[in-house]
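Below, each chain spelled out in residue letters.
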Amino acid sequence: KAGVTQTPRYLIKTRGQQVTLSCSPISGHRSVSWYQQTPGQGLQFLFEYFSETQRNKGNFPGRFSGRQFSNSRSEMNVSTLELGDSALYLCASSLAGSLRDQYFGPGTRLLVL
Amino acid sequence: GENVEQHPSTLSVQEGDSAVIKCTYSDSASNYFPWYKQELGKGPQLIIDIRSNVGEKKDQRIAVTLNKTAKHFSLHITETQPEDSAVYFCAASIWHNFNKFYFGSGTKLNVKP
Chain A
4 KAGVTQTPRY LIKTRGQQVT LSCSPISGHR SVSWYQQTPG QGLQFLFEYF
54 SETQRNKGNF PGRFSGRQFS NSRSEMNVST LELGDSALYL CASSLAGSLR
104 DQYFGPGTRL LVL
Chain X
1017 GENVEQHPST LSVQEGDSAV IKCTYSDSAS NYFPWYKQEL GKGPQLIIDI
1067 RSNVGEKKDQ RIAVTLNKTA KHFSLHITET QPEDSAVYFC AASIWHNFNK
1117 FYFGSGTKLN VKP
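Protein chains in written order, with this note's numbering: chain A, 4 to 116; chain X, 1017 to 1129.
Hint data in this document are derived by calculation from the structure and do not stem from the laboratory.
Accuracy of the hints is not assured; some may be wrong.
Stated by the list, open to error - Simulated crosslink set (DSSO-like; lysine-lysine; CA at most 30 Å straight-line):
hint, chain 1, residue 1, chain 2, residue 2
1, X, 1116, X, 1084
2, X, 1124, A, 60
3, X, 1053, A, 60
4, A, 60, X, 1058
5, X, 1128, A, 16
6, X, 1073, X, 1087
7, X, 1084, X, 1124
8, X, 1073, X, 1038
9, X, 1116, A, 60
10, X, 1116, X, 1073
11, X, 1087, X, 1124
12, A, 60, X, 1084
13, X, 1038, A, 60
14, X, 1038, X, 1087
15, X, 1116, X, 1058
16, X, 1124, X, 1053
17, A, 60, A, 16
18, X, 1058, X, 1124
19, X, 1124, X, 1073
20, X, 1084, X, 1128
21, X, 1074, X, 1038
22, X, 1074, X, 1128
23, X, 1087, A, 60
24, X, 1087, X, 1053
What the hints assert, rightly or not - Facing chain X, from chain A, some residues (calculated, C-beta under 8 Å):
hint, residue
25, 36
26, 45
27, 48
28, 59
29, 61
30, 100
31, 101
32, 102
33, 103
34, 107
35, 110
The beta carbon of each residue, even a glycine, is placed where N, CA and C say it ideally should be.
Can you build the whole structure from these sequences, using the hints too?
Here it is as structure tokens:
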């Protein structure tokens, strides 16, 4: 079966702009989680959605938001971009929100200039 | 919050040798310890995990050991092969709790043929 897909794969934005990233989970998976990966801070949990509801949220400012649609696809939005937002943004999906059973997508690499 | 430290940051071994990566954690409430492999251009992939009620787990050439008292856990790869070359991440969490899910900083393993 098809894996987790993320679009776009690469993105360049300038400071102050906003960006929306998309994640399509594995068919049947209802939980989608998002992570930020940077050389300095490593991998950090952003938030997790299940059945269109945000169930968990990491320690990130309110500029980072997300949503999940009825088909389980999820989007992540970052407003007022800062240089430090440059990162690989990963999403992962699982059937019901198990850390053990989540599958990661390839990520969207965001560069903020 | 939890602090997960991972060593070494880079590891170079000859094909056929063993590789060991070590992690320590600070939160005694953590009870789930997964290990991920991330290849270039891909998202992390779970390769093995261990829960706190188990001291050791093995899956073919890969094994993980956990010392709860000392709060450290290790990944052991035996008979390394060039395709084992990747970045490996440890993580510590409270079972199924995304808000308590923390990653180590990663180890870049290079297996020389």
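Indices of hints not satisfied (ascending): Hints 5, 20 contradicted; others consistent.
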